[in-house]
Each structure stands twice: as C-alpha cells, then as structure tokens.
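Based on the provided sequences and hints, a complete structural model is requested.
Quick mapping for you: the protein sequence lines, in order, are chains A and B.
To convert, note that position 132 of the first sequence is 132 in UniProt numbering; the numbers rise steadily by one, no gaps.
To convert, note that position 70 of the second sequence is 70 in UniProt numbering; the numbers rise steadily by one, no gaps.
It is worth saying that the hints were derived from the structure and are not from the lab.
Quantities reported herein were computed from a predicted structural model and do not represent experimental measurements.
Cβ coordinates follow ideal geometry from the N, Cα and C atoms, glycine included.
Be a bit skeptical, because a hint or two may be false.
Restraint-style ranges between C-beta atoms, simulated for each label pair [unchecked claim]:
id, chain 1, residue 1, chain 2, residue 2, range
1, B, 96, A, 108, 41 to 49 angstroms
2, A, 41, B, 112, 45 to 53 angstroms
3, A, 116, B, 43, 32 to 40 angstroms
4, B, 90, A, 157, 44 to 52 angstroms
5, A, 130, B, 159, 23 to 31 angstroms
Derived list of chain A stretches under chain B, where covered just means 3 residues or more per stretch with a C-beta under 8 angstroms from a C-beta of chain B [stated by the list, open to error]:
id, region
6, 15–25
7, 50–58
8, 74–82
9, 154–166
There are 2 protein chains.
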Amino acid sequence: METSTLLSGQTGNAPVINSGVLLNHWQAHRRLTRRTIEAFPEVGLFSFTLGGMRTFAAMVKELIVIAGPGVKGAATNEWNALEDHQAQQGTKEELLKRWDDITEQVNFYWPQIDAARFQETVVAFGQYEAPLYETILYFIDNEIHHRGQGFVYLRALGIEPPAFWDRS
Amino acid sequence: METSTLLSGQTGNAPVINSGVLLNHWQAHRRLTRRTIEAFPEVGLFSFTLGGMRTFAAMVKELIVIAGPGVKGAATNEWNALEDHQAQQGTKEELLKRWDDITEQVNFYWPQIDAARFQETVVAFGQYEAPLYETILYFIDNEIHHRGQGFVYLRALGIEPPAFWDRS
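Structure follows, in structure tokens:
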C-alpha cells in the first residue's frame with residue numbers, strides 16, 4: 001500500500017501540530033530529561049556505561065550542543081559546526097545549569113522562527129540538509145532516544161527512572 | 001520566561017506538521033524499529049534483559065498493541081482496553097509478521113482520521129485522556145524511547161544497532 005496515494009486527499013493536509021504546540025512538546029520532553037539527569041548519582045552520570053557506549057553525561061552534552069545552537073540556527077540561519085561534546089568533564093550541577101540555560105535559549109529563539117521557515121530546507125550545522133520541521137523533530141527524537149538509554153543505565157544502577165508519561 | 005506569553009502571537013500558530021507528514025514520520029520510525037528487531041538474535045530478543053527490565057520482544061509487543069488498536073481508535077473512536085502484552089511468547093519471524101500487519105493497519109486507518117479530529121480530546125484505550133495529536137505523539141515517542149533501550153541491549157550483546165538517522 002503506497003502512502004503517497006493514501007494521502008493525496010484532504011486528510012494528508014490536515015494541520016496537526018503548530019509551532020506553539022511543538023515548542024511545548026519539546027520543553028515537556030526537556031523537563032523529563034532534566035529529571036533523568038537529576039536521578040543519576042554524580043559518579044554514575046560521568047562514569048557508568050553499558051555495552052561500550054558513552055556515559056549519560058556525554059549524551060546529555062550532545063543534546064545541549066544540538067538544542068542551543070540548533071534553535072539559534074533555526075531562527076537566524078547562522079549555523080556553526082557542531083561543537084565537540086565528547087572530551088569535556090564537569091559536575092552534575094554544571095550540567096544542569098547548562099541544561100537550564102539552553103531551556104531559556106530555546107524559549108528565546110523559538111518565537112523568532114519565521115512561520116514560513118518551518119517548511120524551508122536548511123543545512124543544520126553546515127551539514128544536515130532537511131526541511132526545518134524535520135530537523136527539529138530530529139533534535140527531539142534524538143533526545144528521547146538517548147534518554148531511553150539513560151533509563152537503562154539508571155535501572156542497571158538500581159535506580160528507578162522518572163515516570164516517562166510525566167512531563168510536568 | 002513564560003512560554004504562554006512568548007507564543008501569543010502569530011508564531012505560535014504557524015502550521016508545522018500536517019497529517020501526511022506525521023504519518024510518514026511515524027512509518028519512518030517504524031522502519032527503523034523493524035530493523036532493530038531484525039538485528040537481535042532470536043534468543044536474545046526473547047530472553048536478554050538489563051537492570052531487571054523487560055526483554056526487547058516484550059517492549060515490541062507493547063508497541064504493537066498500542067499502534068494497531070491505537071490508530072483504529074484514532075480513526076473510529078472505538079477503543080478497547082489495552083491488550084495484555086507481557087505473557088506472550090513467540091518467534092522473531094512471528095513478531096516481524098505482526099509488525100508488518102500493524103504497518104498496513106496504520107496506513108489503512110490513518111486516512112480515515114477526520115481532519116478536525118486531531119485537535120479533539122480522546123480517551124485512548126478508555127483511560128488516557130488527551131488531544132488526539134498528543135496521543136499520537138505519545139505513541140511515537142514511546143516507540144523511540146523503547147527502541148533506544150533496545151539499542152543498549154544490542155550493544156551489550158556485542159551487536160551494532162542500525163543507524164539512528166537512517167529511516168529508509
């Protein structure tokens with residue numbers, strides 16, 4: 001069954017998610033990710049891994065360097081190369097502080113994204129070419145993906161993760 | 001900074017994602033999840049766990065009983081209680097077959113979702129009350145979340161997961 005033929009009618013064009021809803025959806029996920037960071041013990045956050053993967057702190061740093069410069073790029077079309085996020089160390093408190101700064105940055109730049117721009121093709125970080133809405137969905141999906149991995153780390157550390165459904 | 005005040009203007013109402021885009025987005029994720037199931041060895045799929053969590057097969061069964069009856073409920077407003085998905089056993093081949101059936105079911109019911117209905121409040125599976133668009137985003141987010149956990153299982157089994165960015 002070809003999706004393209006199914007969606008040629010009015011149904012495929014039905015508006016589902018607008019800019020305000022998408023921002024709220026992202027920030028709701030960001031609140032859950034923040035609680036996931038908080039749930040980690042300081043040492044485990046920066047040292048625990050499974051299967052040869054990165055620490056959760058390294059994943060969170062990736063989310064930070066994507067979200068902040070990403071939303072700025074979305075609004076201004078000024079894209080820098082993706083900042084290195086592997087080598088840094090730090091503390092849980094510093095990480096949460098950076099997380100909160102990015103939350104403000106997302107709220108600051110989001111309303112500056114021109115309405116028509118969501119459908120335009122952008123080259124995020126100078127290398128990822130896609131419509132802007134797809135780029136932003138990718139940012140959010142990548143966060144959900146890595147947070148899910150953080151949940152496994154927490155369980156393996158004997159810690160109950162925050163409730164997935166709670167986005168308050 | 002209050003999000004509500006930021007988004008009172010035109011920007012908050014900018015259409016970002018329509019019905020056809022959201023279907024394609026979901027099915028793209030479903031293709032990646034299918035490849036994740038395929039990457040598991042038969043035994044590991046039904047027996048490997050970390051941190052006292054469920055097997056990846058049990059998570060996939062949850063995704064199946066959500067997506068199929070979920071898209072039917074979205075289109076018809078006929079919601080059954082969420083089917084039990086814990087106790088079942090089976091084979092990888094059967095699981096992939098069920099996955100593919102649900103893919104067809106999503107394509108079948110999606111165009112039957114009335115345009116206005118995406119903004120209506122539904123009570124999914126008789127118990128989860130939310131606007132339909134939020135319910136559908138939850139289905140997708142839950143899939144990304146558990147697939148991310150499946151990636152950790154694969155890594156712990158010494159298997160390279162499929163590329164997260166590849167949705168072909």
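Which of the listed hints are broken here? Violated hints: 3, 4, 8; rest satisfied.
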